[in-house]
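*Asks:* Using UniProt numbering, the letters of the sequence shown map in sequence onto residues 1 to 268.
In case anyone wonders, no lab produced these hints; they're calculated from the structure.
Please note: incorrect hints may appear among the correct ones.
As the list claims (entries may be wrong) - As a list, the in silico BS3-like pairs of lysine-lysine whose alpha-carbon atoms are at most 30 Å apart:
1) Lys148 <-> Lys265
2) Lys105 <-> Lys38
3) Lys105 <-> Lys94
4) Lys148 <-> Lys201
5) Lys261 <-> Lys94
6) Lys38 <-> Lys201
7) Lys105 <-> Lys265
8) Lys261 <-> Lys38
9) Lys201 <-> Lys105
10) Lys265 <-> Lys224
11) Lys94 <-> Lys148
12) Lys261 <-> Lys105
To be verified - Label-pair restraints from in silico Cβ distances:
13) Leu119 <-> Phe5: 21 to 29 Å
14) Ile19 <-> Gln125: 45 to 53 Å
15) Ala153 <-> Gly229: 42 to 50 Å
16) Gly143 <-> Asn28: 34 to 42 Å
Here the structure is a predicted model, which means the values were calculated and not measured.
Glycine is no exception: its CB is placed at the ideal position from the N, C-alpha and C atoms.
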Amino acid sequence: DPTTFGNLQPCPEITAAVIDSVTSLEFNGYAPSTGYRKAREAVVEYASRPEAPLEPEDVILTSGCSHALEMCILGLANPGQNIVIPRPGFSIYKTIAQSMDIETKYYDLLPNLGWQVDLAHLESQIDSQTAAIIINNPSNPCGSVFSKRHLMALVEVANRNCVPIIADEIYEDFVFRGEVFHPIATLSTHVPILSCGGLTKKFLVPGWRMGWILIHDRQGIFGKEVRSGLQALSQRIIGSNTWFKEPFHLFCGTHQKHSLKITLKLCR
1 DPTTFGNLQP CPEITAAVID SVTSLEFNGY APSTGYRKAR EAVVEYASRP EAPLEPEDVI
61 LTSGCSHALE MCILGLANPG QNIVIPRPGF SIYKTIAQSM DIETKYYDLL PNLGWQVDLA
121 HLESQIDSQT AAIIINNPSN PCGSVFSKRH LMALVEVANR NCVPIIADEI YEDFVFRGEV
181 FHPIATLSTH VPILSCGGLT KKFLVPGWRM GWILIHDRQG IFGKEVRSGL QALSQRIIGS
241 NTWFKEPFHL FCGTHQKHSL KITLKLCR
């Protein structure tokens, strides 16, 4: 929790915009379960890349990144199927899967190679019941950042085995000097990818519970089934908080400057 010691403060412009949004009394009611369109458009402006273009219909706002991960896992895997997850890795992947009788299988990260994925071990864990591979980059807890070449190798494993990817990229802005973060969706033309992110780490506000799913499916492999499934899952808790609709218009203009400031502070 970045708020525990009080030495990492949220972006003041965003905080002020949230106060204005709440006091306006305009956002006290229910919103569309996938989020207001204006807010989803702001996420598109932030996350879309020439290699991985997005439309507002490709964005689902969620109650934090953990909720996004839950929706992706439940949207792709049926009880009795399995997902393949990193070891060491974030414990919530297993927690979510077990709650729905979805098996978890592990692929190893290699400490002597900067916590890269053991590609051979990953491929050996995939079978006919594998519904998804979870790739966490930058890594929690290892702190590693995968190279473009390594990410392309991971995409190739998924492509060869016809398995979609769930990309947990919540730490995308916390990359120190000498490292470069590459959204894995920019490196795939065929493998469908559900990318999970949010504001928790970017703006140091985990209590605001604002995350998202980005649906990258340029070949239409997911089709209507996965999209409608995610839509249905978004209705279980009636979506994310509503008062962040207006502050999202500041998102693209402030996140990079604020994230750089926090990263430099962490470096020191």
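*Asks:* Now look at each hint and say whether the structure bears it out.
*Replies:* Tested hints:
no. : hint                          : result
1   : Lys148 <-> Lys265             : 26 Å, holds
2   : Lys105 <-> Lys38              : 39 Å, violated
3   : Lys105 <-> Lys94              : 9 Å, holds
4   : Lys148 <-> Lys201             : 22 Å, holds
5   : Lys261 <-> Lys94              : 33 Å, violated
6   : Lys38 <-> Lys201              : 22 Å, holds
7   : Lys105 <-> Lys265             : 37 Å, violated
8   : Lys261 <-> Lys38              : 27 Å, holds
9   : Lys201 <-> Lys105             : 27 Å, holds
10  : Lys265 <-> Lys224             : 44 Å, violated
11  : Lys94 <-> Lys148              : 27 Å, holds
12  : Lys261 <-> Lys105             : 38 Å, violated
13  : Leu119 <-> Phe5: 21 to 29 Å   : 38 Å, violated
14  : Ile19 <-> Gln125: 45 to 53 Å  : 48 Å, holds
15  : Ala153 <-> Gly229: 42 to 50 Å : 29 Å, violated
16  : Gly143 <-> Asn28: 34 to 42 Å  : 40 Å, holds
In summary, the structure is inconsistent with hints 2, 5, 7, 10, 12, 13 and 15 from the numbered list given earlier, while agreeing with the others.
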